[in-house]
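Got chain R sorted already, so can you dock chain G onto it with the hints?
2 protein chains.
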Amino acid sequence: MSHNSPVGQDSAFSKLLGMTIDKAENGESQVRMSMQDHLLNLHGRMHGGALFSLIDTALGQASHSLFGGEAGSMTLECKVNYIRAVNEGEIVCNARVLNAGRKVHVLEARVQQGDKLVATAQATFICK
Amino acid sequence: MSHNSPVGQDSAFSKLLGMTIDKAENGESQVRMSMQDHLLNLHGRMHGGALFSLIDTALGQASHSLFGGEAGSMTLECKVNYIRAVNEGEIVCNARVLNAGRKVHVLEARVQQGDKLVATAQATFICK
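Taken in sequence, the protein lines are chains R and G.
Residues 1 to 128 in the UniProt record's numbering are what the first sequence spells out, letter by letter.
Residues 1 to 128 in the UniProt record's numbering are what the second sequence spells out, letter by letter.
So that you can see chain R by itself, here it is in the shape it has in the complex:
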């Protein structure tokens, strides 16, 4: 995985939140993030925005992996369902391109903590 290309490369924002990109290839990706105090919401749990940021990053990595290492697409829309709150520990997001059209990619993502489902998302990315 090259660190000179967007595929597998951390953005400033993904670094701020402490994400780790495990995989980004063939339209699939895996990105991890651990609970930290600065990710807390008013309920004392992981903020929905932090969780969404993990999802959006994983979706981007999956989509970009089909552009030979270029950031050739960006998020047009995304729908997220929150299923289980995150209090501590590590969560893992797996994302994949369901359909790669000429103009848009349709993708899905799942966030899990161990074998527990934390959130699901479906998204459309627009190609440059």
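Do not rely on the hints blindly, as some may be mistaken.
You can't tell identical chains apart in this list, so a pair holds if it fits in one copy or across any two.
What the hints assert, rightly or not - Straight-line distance between alpha carbons at most 30 Å, and here's what the computed DSBU-like set of lysine-lysine pairs gives:
1. Lys15 to Lys116
2. Lys116 to Lys103
3. Lys79 to Lys23
4. Lys79 to Lys15
Please keep in mind that the hints were generated in silico from the structure rather than gathered at the bench.
From a predicted model like this one, the values you see are computed outputs, not experimental measurements.
Frame of chain R, contents of chain G only:
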């Protein structure tokens, strides 16, 4: 606006991203955020996760304002449309509760930069 209650109070995560809560009352809210280097994505623009975090925070403030200062609800699902990229400067999110049921709140949010529409969202919050 009390700083001892969740309505109008910054979470650790909203502080990390540099948000300012202008208003949270009667089912409506306004929250601001400025572009900073640590919010950048791989395209050199504001990360979609940062933008979504602003939206989710504004939605929460609007919903919580109907619970007399308590964080009485949380995000169940949200759909966001990204319309215009943010390169610099300040963006403002206005959110409001469209329907306050006993079990769920239905909300909408809009993000603008000046008179330009940046993103829209519709969400469901579940009441505790």
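Each hint, compared with the structure:
1. Taking the shortest alpha-carbon separations for Lys15 and Lys116, both the intra-copy value of 25 Å and the inter-copy value of 29 Å come in at or below 30 Å.
2. For the homomeric pair Lys116 and Lys103, the shortest alpha-carbon distance between copies (24 Å) is at most 30 Å, but the shortest distance inside one copy (34 Å) is not.
3. Within a single copy, Lys79 and Lys23 get their C-alpha atoms as close as 23 Å, and across copies as close as 26 Å, so both meet the 30 Å cut-off.
4. For the identical chains of this complex, Lys79 and Lys15 are neighbours both inside a copy (24 Å) and across copies (25 Å), given an alpha-carbon limit of 30 Å.
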